[in-house]
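*Asks:* Residue numbers (the working numbering), protein chains in the order written: chain U, 1 to 336; chain E, 337 to 734.
Hints should not be assumed to be uniformly reliable.
As the list claims (entries may be wrong) - Calculated pairs, DSSO-like style, for lysine-lysine (alpha carbon to alpha carbon, straight line, at most 30 Å):
1. E:K631 - E:K687
2. E:K586 - U:K311
3. E:K679 - E:K668
4. E:K543 - U:K241
5. E:K586 - E:K634
6. E:K543 - U:K311
7. E:K687 - E:K586
8. E:K679 - E:K727
9. U:K241 - E:K727
10. U:K241 - E:K586
11. E:K679 - E:K690
Unchecked claim - Covered by chain E, according to a simulated footprint, are these stretches of chain U (three or more residues, beta-carbon under 8 Å):
12. 147-156
13. 161-172
14. 282-295
15. 304-312
What the hints assert, rightly or not - Over 10 Å on every C-beta distance to chain U, these chain E residues come out as not near it, computed from the model:
16. E404
17. R500
18. T581
19. V731
The set of hints was computed from the structure by calculation and includes no laboratory data. All residues carry an ideal CB built from backbone N, CA and C; glycine is no exception.
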Amino acid sequence: MEVLNALALFANFVVVPATAYGAQLALGALGVTIIFGILKFANFSHGELMSFGTMITILVTWFLQDMGVGIAPFPTALLALPVGVLAAIGVALLTDRMVFRFYRRQRSNPIVFAIVSVGVMFVLAGLIRIIIGPADQSFADGQRFIIGAFASRDLLGLDEGIAIKQSQVITVVVALVVVVWLFWFLQKTRSGKAMRAYSDDEDLALLCGINPERVVMIAWVIAASLAAIAGTLYGLDKTYKPFIFLQILLPIFAATILGGIGQPVGAILGAFIVAFSEVMVTYAYKKFLAYLGPADWAPDGLVQLLSTDYKFAVSFIILVAVLLIRPTGIIRGKVI
Amino acid sequence: MRKLSAILLSAAFSTAVATGASAQDPVKVGMMQGFTGPTESLVRPMALGGEMAIKEVSDSGIFLGGREVVSVRGDSTCIDAAAATAAAERLITSEGVQGINGATCSGATTAVLNNVVRANGIVMISPSATSPALSTIEDGGYFFRTAPSDARQGQIIADILERRGISSAALTYTNNDYGKGLSDAIQAAFEDAGGEITAVAAHEDGKADYSAEVGTLASAGGEVLIVAGYLDQGGKGMIQASLDTGAFGKFVLPDGMVGEALTNHFGEALDGSIGTNPGTDSPGASMLAELAEGKDFKGDDPYVPEAYDASAIMLLAMQAAESTDSAVYKDKVFDVANAPGEKIFPGELAKGLKILADGGDIDYVGGTALELIEPGESAGSFRETEVKGGKFETVMYH
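Between the sequences and the hints, there should be enough to build the whole structure, so can you do that?
*Replies:* So, in C-alpha cells, the structure goes:
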C-alpha cells in the first residue's frame, strides 16, 4: 500500500506533467530539427513562430466562443487550431520569401542565417505584442480534468491521487498522431524522400532533379504547422504569455542538440529526456521516500537535488554536457 | 529699432506677469503608482482614490488661501527600479511636484527614496509599500506610509492561524523585496507562536507553469499554503497548480492576493481560504465607500483608503505649515495625522483645512483610522476575510 502511494505521488507530480511537457517540447524540437536538416541553420525565430500560431488560434477561439460555437467537452481551441496553423505557415513562407531566400541565394554562412533568424524573432515578438499585448491570456475551455486529484484518490483507495488534465491527454494524443504522420511522410512519400535526399546531399539531390525551392517550402510548411500545434498545446496545458516563448527556446534547443541535430527521432528522444530531467532534478523527494521508508519516518530535508529556481539550468547543463562529450547527439546528427 | 524695443518690452512685461502668477499656480502632487506591471489591476482604483482627495481639497477653495491642487501621474511600475527612478525624476524636475503619493511597491519605493527623494528633499507618502526594510531606511524625514509594515501583517497571520488551530503551513513568496520581507515576517511570527513552516519556496512571476514549485511544497506537506505573491502573477499560478494537482486545497492570502480578480477566476474552489489585507471597521471606511459611489471605482478596494489618506495628510500638512515646501511641511505630517484635535473623516477635508487655517488642531482619521507611528508609518489595522461561496467575506478586524 505504501509503495502504491509512493508511485501515485510520483506519477502525479513527475510522470504526468513531464510526459505532457515532453510532448510539447518534442513538437517544437521537431520543427527546429527539420529546418536545420534542410536549411542548415539554427532557427531562433521558432519560438515566436509558435507564439504567433498560438495567438491566431486564441483570437479565433475567442471569436468562436462569442459566436457560441464549441465542441464541448473538448476545448474550442482545437476547432480554431487549423486557422492558427495556416497563419503560422503564412508567416513562415513570408519571412522565407522576404528574408531567408536572399541569404540563401548569397550562399551565406550558417552563422549569418542564425543571426538573421534572431532578427526575425525580434520582429515577430514585437508584432505579437502589438496585436495581443504582453499579458497572460486564458483561452482554455471545456472540461478541465479527465480525473481530478480527489476523485482518483477515492477511486484508487489511496492517500495520494493522480490528477490527469484533459489538456495533458490531448497533448500526448495529438503529438503522437502528428509524429506518426511525419514519419510516414518522410519515409513513404515522394516529397518526404526528396527532403531526406536534399538533407543528406544538396548537390546530389539537385542532380537528381529535385527542386530545392519546393523542398524548402515543404520544410517551412511542416515546421510552422508543428510550431502552431506545439504552442497551442502548451498554452492549453499551461497558459499563453508571449514572454515564455523566449524561455522555452532553451529546452527546445537542448532537446534538438541532445537528440542529434537534423534527426527527427533524436528530437523526440531528446525532448523527453530534457523534460523528465527538468522535473525529476527539481522534485523534492521527501514525501516519496517517507512512503517507502519505515512507518512514521521521514527525511529531515526536502531531498531535492536542485531548487526549482534553477529549472532552466538543467537545460543548460544538458546542453553543455552534450556539446563537450558527444557533440553529435544521441543519434549521430550534424555538428553545428 | 523702435518696433524691436516694443517687442522686447512686451516680452519682459509678460515674463514679469508670468512670474507674478507663479505663486498662484496650481500646487502639483505626483501620483506615482505602478500603472503597468504586476500591480496594474490594483493600481487603477488606488490612483482614482488618491485623486479624489486631491480634488476635494482643490474644490474647497480654502487651501493655502484658495490655491488649486492638481495631480500629475507617473508610472513607477512595480519591479523596474530604473523606470521608477526616471518617473520620479520627471515628476520632480520637469513637472515640479510638491509631494509624491507613491510608489506602489516596496522595491520601486526604495529605489526612488534612495536615488531621487532624499537628494531633492521632496515628501513622499506611499499608500502600499509594506516591506519591513522601509522602517529602518535612512529617509531624512521625507518618507511616510499610510500602510503598515509587513512585520505587523506577519504577526496578524500568525495569530489567525493559531486561533484557527492550524499548526503547520507551507510558504511561497514572489521573489522580490515585498515577497521576501513578508515571507520572513510570517515565518518568524508563526514559528514564535509554535507553528511549523514545512518549506519555503520562492516563485518567479511571469512563468507559464508552477507545478515544479508546488511539487516541492507538496512534498514537504502542511495544512495550508501561504501565498505571499500577486494575484495576477505567480501567486495565481501557484494556486492554479496546487488545485490542479490536489496538493493544497486551502490557502492563506496576504494583501497582494486579496482581490476580486482572484475569486472571479477560481470561484468556489477557494472556499475556506483566509485573506488578510489592511482594513478597518471605523466609520471612515464606509464613508469613503459612499464618497466613491458612482465614480467608476470602489472606495473599499485594496489600498484605496490608504491612497486617499496619503493625499489627504500631505495636503493637510501643507495647510498646517502654510507652505508647499517639503522641508517645512514634512514636520507637520505627524501633527495632522495624530491626536490631539478634531477628528477628520473622508469627505470632511474642507472642515480640516478650515480648522488648520484658523490655527486649530486636527486628528486625521480618514479611511484607514490612520495613526502614524515612528518612523512615519501607519500602526495598521487589518481585515480578516474568508472565502465563502466564491467571495471574500469579512470575518473580523484586527
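*Asks:* Does the structure break any of the earlier hints, and which numbers would those be?
*Replies:* 7, 8, 18
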